[in-house]
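Residue numbers (the working numbering), protein chains in the order written: chain A, 1 to 449; chain B, 450 to 721; chain C, 722 to 1025.
Hints in this document: simulated from the structure, not taken from any laboratory. Any given hint could be a false lead.
[Claimed, not checked] Anything over 12 Å on all C-beta distances counts as not near chain B; from chain A, calculated: (1) Glu-39; (2) Ala-40; (3) Arg-93; (4) Ala-374.
[Stated by the list, open to error] Derived list of chain A stretches under chain C, where covered just means 3 residues or more per stretch with a C-beta under 8 Å from a C-beta of chain C: (5) 296–303; (6) 375–382.
For every residue, glycine included, the Cβ atom is placed at its ideal position computed from N, Cα and C.
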Amino acid sequence: MRRHIAVVGSALLVALLAGCAGAGSGGPQQGTSATTKPEAPTCGTDPVVLNAHFETGFDLPFKLSEEFTKQYPKVTWDIKQDQFQNLISATPRLLSGDNPPDLIRLPTMVSLVKDGLLKNLDGYAAGFGWDTWPAAQLAQNRVAADGTRGSGSLYAMGLNSSLTGVFYNKQLAAQVGMTQPPATLAEFDALLAAAKAKGTLPVMVWNASASGGGLAFPLQQLMAAYGPTQPINDWIFQKPGATIDTPSNRTAAEHLQRWIKAGYFPTDANAIQYTDANARFRGGEGLFMFNGDWENANYDKGMAGKVGFFLFPPKDAGASVAAMSSPLTYGIGAKAKNAGCAAFFFNWVATNEQARKINVAVGGSNPGGPASLAIPPAAAGSVTGETLAAGAKVAAANGAMDFIANSTGSIFAKGWTPELQKMVGNKQDAAGLLSTVQAEYKRELEQGS
Amino acid sequence: MSRAEHYAGAALLLTMMAVTVLPFLSIFTTALHPSGTLPRGIDWPAHPQWGNFVDAVQVANMGVLLRSSTFIVVAVVPVALVLATMAGFAIGLLRIPGARLLLLLFVFGLTLPFEGIITPLYFLEREMGILNTRFAIVLPLIGLFMPFGVFWMRAHFANVPHDISEAARVDGANTWTLFWRIHVPLARPAISSLGVLMAVWSWNQFLLALVLVEDPSRRTMAGALGAFQGHYATDIPLLCAGTMLILLPTLLVYVAFQRHIIAALLQGSVKG
Amino acid sequence: MTADRVIRRTPLRRGVRRRALIGWLFVAPALLMYTVFVLQPLGLTIQYSLYRWNGVGPATWVGLSNYLTVLRDPDLVGSILNSFKLVLFFSIVPVSLALVTASVIHRVATGRLGGLTRTVLFLPQVIPLVAAGIIWGWLLSLPGLINQALTAVGLGGVTRAWLGDFDTALPAVGLIGIWVLLGFCTVLLLAGMTKIDPALYESARLDGANWLREFLSVTLPSLRYEIGVCLTVTVVAALAAFDIVYVSTGGGPGNSTAVPGIQIYILTFLERQVGLASALAVILMLLVLAVILPIQRLNREDRS
């Protein structure tokens, strides 16, 4: 018995000492001192296995990881992939578990930061010089001490910057008499009406619960056309007092409702999932589709040369353009074993020539990084050329917004999607849509989710 | 019974069978369409793409999933069978004191929805350190199969005539010999059909696999079926091919053993 | 039976106790697994329901307020109502249809056709519910098989995306449930029918009863136990539905197919409100018991 106590006692002592010694290196760094040391680690010379969680259906991270290992053979990957929906629910468990990921796709951030599950990247930002990059790139990945986004410490990095707008079927466009992309909202409306008159489906969209309501895309574009983008971003970033239920947003929602009532969307929209909508659009159903450049590779495959892209037009001619643009967000676990190597990977993705080429070719998006680095050109005839050019315009106009679906962990599943579905089913109007979502938003913020 | 009644009845049955089978046919024909298309309804393609099945296996990593699911079934079913048979024997035949209460306790478990226990199960397993291993699914499944298993075996044992046991006791058999040498062989139909049912249910587990195992390649085939939908962002025929492949093992097992299952169900009721 | 009772009353006490102990040893392993992996989590769920917790941080005691929140939230109460509506489709319809089918098989097709029907109808029980949801999601879509068939028989005007329409989504999910559960009930009821004493039918026929009277006075009462089992299994399937709904509609459109299982999933994993989710789960379990127990009482066949 006494020997037992001695053994246990010394074990405890060792643990205590080890704990003290290790306190500075891996714990959650929320709330540590304001002066963060700049660090620019490398992956070292010993073999490293990066523990990563990617999303299914998107090739880019996989291709990037392969290229990284080619350039740094000592670094190999243990990649687990899962559906986006599953990742949303699994991420807190993964980060707080015994084997926290070095790199993980992040659907939402704020609650994870509040629980101290994500590594604070300020040190790396200073060391690698990320804070000299265009500020808009990193803004969406910052979380302040009060839990609002858009400013504060950096907790995630984007592998690229996506852009959302309107894809169009060139053949159907010619039939409807569209010679160039519409420059104003009114011209867009006219094109929709012309398509409808000709018996062509004006807009293909997905609105099934399983994929989340795709109507949120046109809704947000209309909001940005009718009013400034700052209030929308404030609401998404959970700034105190922000509301989505504003007069200009209400006008936008009414506009969307007119489109729904005019039959511009498929009648079975509420049953169409994301993958089906894309398949149908590629099959020639729908003149327009609101989507993002992450689909470029798939559109090029199915509609090579027959698909085009334009930014959603502003209300008045010549007014500034706006679009949803957000980083492909990845985070590093607060207790990750290979945090430094993961940070190095982030830096490599944005600055390495080969990585940037892969980003454009496979991801279809802007690789980000320092403004001084040229964006690799897209393949000839690919719609990526159009989206990259458009992205530059949005950046210049400072018109980038995050997605309204991202404002809280469940606002999409419990707010936007059901209410937009009700609008399609003629059970909800514009005013009700916004007030219900705002109420749900407030309820969730009060609950602390 | 008139001819008309006979034909009407047969027609009804044929209709019902057709309705039951149609969905399977639809998925099958869709799986044969060229990758990336969107076929409508039942529509035999001009050029059947049998290669889709091969593609589905590769893309969905089905070899790994097959191994994973098989491991789970092999780990769960024999153990669960032994446990349930022993308990059913004790409750149904030995009639130990408290048998009634025990049965009620087990049967209560039949009414529990999985959602009711999945969250604490997650945290429990984390403490036990078995999360994300295949045991994360195996151990709870054994526990979750106890209600139905005990109920099923008890129903069998309760209906066995007593003279067999009495004769064996008179001959000096102890309880274990009674169980192992006499009653288990007698109970073979009930045990084998229970085993088949448990195998099918293990194979088809979805929610447990989804929540308790992080790595999709360590889940069951059915558990990874949800992930199929995300990966095949553009390919519906492949999705259907994958679905068919996941269904195939259970269908084959069922067709091979359906006589057993149904016979056991009948046996249980006839004796009652 | 009586001979047994006499024999059992006279053994030595020591022998009885030893036998009882051995008997309990037989039960112990099953009881252990069940307690650790089912009863213990059940207890934990009840415990969680009294706290507010996000699964990662500290938990705060809130007593019964989670239950009040559930009962006051129209969406959550609505999900409970939806699951009761599903009972109509998952339970009442399959049992009724199965009665008809089983009696047809029993009466008309006792040979190969009957055996084949039994096998085929039971098939849906064998596939993962998730697969059933995916398959039927396809069939019920606008370009799917159901609409094709309707157009073929001239009902083209009725076609729609059944799972995307507010009025038909829940019944459509119910249809999937009927497809899955019909075979189970048919087989069970058929088994019950085969044990009905033919003499009862003979005497009914002598009294001049037609098919319907036979059914009501002989078949139905004799099947009480089997009908009870069918109802129990299908009601639990309806109230606890998750897989099928998650895969086919995800709870939409709007909240028309949101059932407690889905809400628990959203609350636990998207909203990270483990306490609230647990309260809803406990309420769900109490509801299941509240519906099942009367059914058991109604069908108490003494099987001691």
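- Query: Does Ala-40(A) sit more than 12 Å from chain B, CB to CB?
  - Reply: Non-interface label stands for Ala-40(A): nearest chain B Cβ at 31 Å, farther than 12 Å.
- Message: Verify this label for me: Arg-93(A) is non-interface relative to chain B, using a Cβ-Cβ cutoff of 12 Å.
- Response: violated (7 Å)
- Message: If we take the beta carbon of Ala-374(A), is the closest beta carbon in chain B still more than 12 Å away?
- Response: Per Cβ check, Ala-374(A) is outside 12 Å of chain B; nearest 30 Å; holds.
- Are there three or more residues in the stretch 375–382 of chain A whose C-beta lies closer than 8 Å to some C-beta of chain C? violated (count 0)
- Does the stretch 296–303 of chain A contain three or more residues whose Cβ lies closer than 8 Å to a Cβ of chain C? Violated - the stretch 296–303 of chain A has 0 residues with a Cβ nearer than 8 Å to chain C, which falls short of three.
- Query: Far enough from chain B: is every CB of that chain over 12 Å from the CB of Glu-39(A)?
  - Reply: holds (29 Å)
In terms of the numbered hints stated before, the structure departs from hints 3, 5, 6, listed from lowest to highest.
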